[in-house]
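*Asks:* Sequence:
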Amino acid sequence: MPPLKYLSAYPAHLQEQVRRLLAADRLGEYLQQRYPERHPVQSDKALYAYVMERKQRFLRNAPGIDKVLYDSKLDVLRNALGLHTAVSRVQGGKLKAKKEIRIAALFRDAAPEFLDMIVVHELAHLREFDHNKAFYQLCEHMLPGYHQLEFDLRVYLTWRDLAQ
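Residues 1 to 164 in full-length UniProt numbering are what the sequence shown spells out, letter by letter.
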């Protein structure tokens, strides 16, 4: 069986459970039972509104976001879930930084819980740049059950890779 690249940081017993589901060809069924719906956020405009609503609810005082979009060029393995960037440009003698959130286009067809998890993750980077304890506490505050959703999303990515 190939290595579980998205789950390599998780304990061996969890990886073993996923391997058993894969061996029995039941991982897709398990994911479908847990996450049967697909979210309706399909356009970049809808995604921007979706992200801004969550930002307003939890991070009112955080820096603004200039652009939010699905990006078909994001490499899921390298940038795992999404990308939060600050693009600096010179405008009339002043340096302006524009904040962007890009989410891999494959998540257009994901469960609403997965989109929530990705958005919360990228929004948390507005306050905490590193993946430290404070970062994960903020994620958990914005989305209770964040850690389970992150694990399940990684299981989904594993299934998706192996099903192709």
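Hints should not be assumed to be uniformly reliable.
Ranges of calculated distance between the beta carbons of each label pair, as one might list FRET restraints [unchecked claim]:
hint	residue 1	residue 2	range
1	Gly145	Arg26	40 to 48 Å
2	Gln32	Lys94	21 to 29 Å
3	Ala24	Glu53	16 to 24 Å
4	Asn132	Gln56	18 to 26 Å
5	Ala49	Asp109	32 to 40 Å
6	Glu29	Lys94	52 to 60 Å
If you are wondering where the hints come from, they were derived from the structure by calculation, not from laboratory data. Every residue gets a Cβ at the ideal spot worked out from N, C-alpha and C, and that includes glycine.
*Asks:* Determine for every hint whether it applies to the structure shown.
*Replies:* Against the structure, the hints come out as follows:
1. Gly145 with Arg26: 40 to 48 Å: Violated, since glycine 145 and arginine 26 (Cβ atoms, about 23 Å apart) do not stay within the stated range.
2. Gln32 with Lys94: 21 to 29 Å: 51 Å, violated
3. Ala24 with Glu53: 16 to 24 Å: 40 Å, violated
4. Asn132 with Gln56: 18 to 26 Å: For glutamine 56 against asparagine 132, whose Cβ atoms are near 25 Å apart, the range 18 to 26 Å holds.
5. Ala49 with Asp109: 32 to 40 Å: 19 Å, violated
6. Glu29 with Lys94: 52 to 60 Å: 55 Å, holds
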